[in-house]
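Engineer: In order, the protein sequence lines correspond to chains A and B. Each residue of the first sequence is one higher than the one before, counting from 0 in numbering that gives the first Met the number 0. Each residue of the second sequence is one higher than the one before, counting from 0 in numbering that gives the first Met the number 0.
No wet-lab data here; the hints were simulated from the structure. There's no promise every hint is true.
In silico PhoX-like links for lysine-lysine, alpha-carbon gap of 25 Å or less [what the hints assert, rightly or not]:
hint, chain 1, residue 1, chain 2, residue 2
1, A, K28, B, K76
2, B, K157, A, K92
3, B, K157, B, K72
4, A, K92, B, K20
5, A, K28, B, K84
6, B, K72, A, K92
7, A, K28, B, K72
It should be emphasised that the depicted structure is a prediction, and the values quoted were computed from it without experimental measurement.
Letter by letter, the chains look like this.
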Amino acid sequence: MIPGVGITHVLIVSTLMFFIGIYGFLTRKNLITILIAIELILNSVAINFIVINKYLFPEKINGQIFSIFIIAVAAAEVAIAIAVVIDFYRINKSIDVEHGETMKY
Amino acid sequence: MFYILAISIVVFSLLAVTSRKVMRATMYLLFTLMATGGLYFLIDYNFMAGVQLIVYAGGIVALIVFAVMLTEKIDNKTALPEKIKMILAGLLSVVGSIVTIYILLSHPFKETTDDIGQSVSVIGENLLNYGDGGYVLPFEVVSILLLASMIAAIVVAKRKFDN
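Next up, chain A with everything else stripped away, as it sits in the complex (with noise of 0.2 Å):
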């Protein structure tokens, strides 16, 4: 709990940080922008969690551990796309996502 500041206020961050992750992910390009906007998206989820576990129920520790999950989550996730990255790069020479047209093997 921090003195003087409501849950309306984190909350209010998160919304930002969220959207604008959202108006990221839709306009970029690259494959490593869409990867950081998503990065951004999930983690405002995070705050979401643990800031109204905090604030709402603070004798309870579900927020925590669903936090923990997105966590690893996106890590997983991040570890798999830049490989997938990687690869895209040696096939296509760029990684911006117009130049991926052929999905094939």
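Keeping the supplied structure of chain A fixed, place chain B upon it in accordance with the hints.
Structural biologist: Chain B only, in chain A's frame:
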């Protein structure tokens, strides 16, 4: 202190999605994630702040930096998105955040005032608890998922091409 962190989160995430150099976007993402870790410290969840800093700021950003260095030239600028796409996506984000913030402001949250400190051992016991309300099954599923994704990453990245 909270407002400094909040402003840096918003400003750095905006820079991370608009910066045209990929390496700089990655560094702005790192600052955003570190400010989030500071937010967790501020509400006394020290374990979560540590996990955030180690896994996100340490691991994920390092992986992204490696990917940037293996693929792009550092000072390459990424292509600018089309005007119409930028306007539509910006409109969608602005309208979405206005609607969400309006709902947040009009919803009465029942905040509790009691400040219960929590130790890390409670989290650990809950993650390994197989009784009622325990989290051992999702914990194991996430472990298998991490293992599978590491193997998949190796297999995908080591693929050979004949052409």
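Engineer: Which of the numbered hints above does this structure break?
Structural biologist: none
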